[in-house]
Each structure stands twice: as structure tokens, then as C-alpha cells.
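Q: Listed below are the residues making up each chain.
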Amino acid sequence: MNAVAEDMDLIYQNEQNFILAEESLPYLSEAVLQTVRLMRLVRAFISSCGEESFSVPATEFSIFLEQLGMPDVIVIDIMQVLEPFMARLITMEMYEIEQIEIRLIANYLVK
Amino acid sequence: MSWANVESQGTNAQSYPDSYSNDDASTKDDSSSKEFIETTGKVSEKTGLDEASAKLLVLSSGEDKAELKDLAFLTSLNDKIEGFMAIKKDLGVSKIDSAAYDLLSAGADGKADSAVAQALVDNGTLEIKDGELRIKDEEKARAHAAELQANGGNHQAALALSTANA
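Sequence lines, in order, name chains A and B.
Be aware that the first sequence starts at 187, since it is given in our numbering, and climbs by one per residue.
Be aware that the second sequence starts at 30, since it is given in our numbering, and climbs by one per residue.
These are computed hints drawn from the structure, not numbers from a lab.
A portion of the hints provided could be inaccurate.
To be verified - Capping the alpha-carbon separation at 35 Å, the derived lysine-lysine pairs in DSBU-like fashion look like this: (1) B:169 - A:297; (2) B:169 - B:158; (3) A:297 - B:165; (4) B:98 - B:75; (5) B:98 - A:297; (6) B:165 - B:140; (7) B:84 - B:98; (8) B:84 - B:118; (9) B:84 - B:124; (10) A:297 - B:158; (11) B:84 - A:297; (12) B:118 - B:75; (13) B:124 - B:140; (14) B:140 - B:169; (15) B:124 - B:63.
Claimed, not checked - So, partial list: chain A residues that the calculated Cβ filter (under 7 Å) puts toward chain B: (16) 204; (17) 209; (18) 224; (19) 243; (20) 245; (21) 260; (22) 274; (23) 276; (24) 280; (25) 296.
To be verified - Heads up, incomplete: computed chain B residues facing chain A, CB under 10 Å, no partners named: (26) 83; (27) 88; (28) 92; (29) 103; (30) 117; (31) 158; (32) 161.
Glycine is no exception: its CB is placed at the ideal position from the N, C-alpha and C atoms.
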């Protein structure tokens, strides 16, 4: 998680979500932790490209990542993880990825 | 069940208990509200999080049935993204050509490394042009890939050999 720590203030739009995610980390399984790490890395990557305010149709999110310069082999793997969480999304934005992360944490802890 | 609705209904039910005391909806609201409070309590107890955080978690939870990928896949993917971002940052490029990335990630761990990328730029195998890291010399790239294969996917060993042969 440390790799993106310096970007935390950029990748969380809601401070309460950041606090909640950080407080929850010790109680998550390794697989959930790695999925959270992935969602943070994707947002850190988008942020590093200066595209924090992006808004694209959910169906075009993979194209958006490729246009930002991410190799297609990585994008394909990212979409394998993210697509099941995007089923009801019409538009993809930074905040949507943040909400997916929080919902993932919540669903793991509230069961 | 939508916890967001539960909370809202529960609050209303508590504010106006007399108005709804004999209403079926009120009975449902009360039981949903009780369930919400119990669930929040359990989450707080299980995690040690304060009530406000536990409440937010319960409100954020939903009917998501998405399956997680296995741990090895997720860890490897994250390492790849970190490797790619490190190359972008360390070499100051905005994009990595897919052929160059394939070469860089052809090591045993499948992770592209910025030190290797820099070494391949230095020895003329890769180049940076218009902000893109790409193959400069196809023959050298093929030779590096062959040496990589012969060295069990160890980029450093392959580079050392190519330097010695130069």
C-alpha cells in the first residue's frame, strides 16, 4: 500500500472514505487488500496522467486507460478484476472507482 | 436490502413514533432499523471501528456478487502496474510501446523493471522518442530476448552477457 501513499490525497475525493479504508485495512483478507491496492494504483496512474476529472462511458474505460499509455496486456487484466464491479455503471469516474473500493471493503466486513 | 433507505426510514420512525405506531410500515421500519443497529454493532465489535465508521460501512455495503480474483493474479497484476509506473516516472516517458513492454516484462517474474529499461536504452536496444519508450534495434531486442530465455528469465544476467559480447 505504501507505493501510492504519497498520492493518497489525490486519489480519494472523499476524506471520510480514505479514513474508513485505512482503518479497515487490518481486518481485510489478502485478496481484498490486493484488490484495494489495485483500485488505488489505477487511480494513482490516472492521477499521474493529470486526468483526475475524467468521465468516460463505463464501456470505454479500457480504451481510456490504453489512451493514457498503459500497455494493453495490463489493461486486459485490470478489466478482468474491475468489470464485475462495473455491471450497473454507465459512466466511469475517479469517484466511482473509490466507491467500488469502499463497497468492496464494506461487503467483506458486513457479512 | 438498501441500508440507506433503512436508515432514513428508521430515523423517521423514531421521530414520529405516535403517528405510525399502528402502521404495518412502521413495524417493518422498526425491525429494519433494529437490524441496521445490530449489524452496525456487530461490525463495530468485529473490527474495533467506531460506531460512525461501522455505520458508514453498513450503509456502503450492498448486494454486489462480484467474485474476487485469486491472490497470485492480483499480486502479480499490482506488481506489473507498479513496475510500469516506475518506468514511466524514472525514464520520464508517457507511454511504453507494447513490443518494448513485452520485452521488458518477459523476465521470470513478468514485471517490467526501470533499471533494466534504462540499461536497454543505454545499450541501444530501446529508445525514447516523442515521450514513448520503444524498440530501437530489433536485432538487439531479439538477442536480448534469446539471452533472457537462456538465462531463465534473468534480465540482469542477459544484460551482462550482451555487454560482455559487445
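Q: State for each hint whether it applies.
A: Cross-check of the supplied hints:
no.	hint	in the structure
1	B:169 - A:297	violated (55 Å)
2	B:169 - B:158	holds (18 Å)
3	A:297 - B:165	violated (54 Å)
4	B:98 - B:75	holds (25 Å)
5	B:98 - A:297	holds (19 Å)
6	B:165 - B:140	holds (21 Å)
7	B:84 - B:98	holds (28 Å)
8	B:84 - B:118	violated (39 Å)
9	B:84 - B:124	violated (42 Å)
10	A:297 - B:158	violated (52 Å)
11	B:84 - A:297	holds (14 Å)
12	B:118 - B:75	violated (41 Å)
13	B:124 - B:140	holds (16 Å)
14	B:140 - B:169	holds (20 Å)
15	B:124 - B:63	violated (54 Å)
16	204	violated (12 Å)
17	209	holds (6 Å)
18	224	holds (6 Å)
19	243	violated (20 Å)
20	245	violated (17 Å)
21	260	holds (6 Å)
22	274	violated (9 Å)
23	276	violated (17 Å)
24	280	violated (16 Å)
25	296	holds (4 Å)
26	83	holds (9 Å)
27	88	holds (8 Å)
28	92	holds (9 Å)
29	103	holds (4 Å)
30	117	holds (7 Å)
31	158	violated (14 Å)
32	161	holds (8 Å)
When held up to the earlier numbered hints, the structure conflicts with 1, 3, 8, 9, 10, 12, 15, 16, 19, 20, 22, 23, 24 and 31 and fits the remainder.
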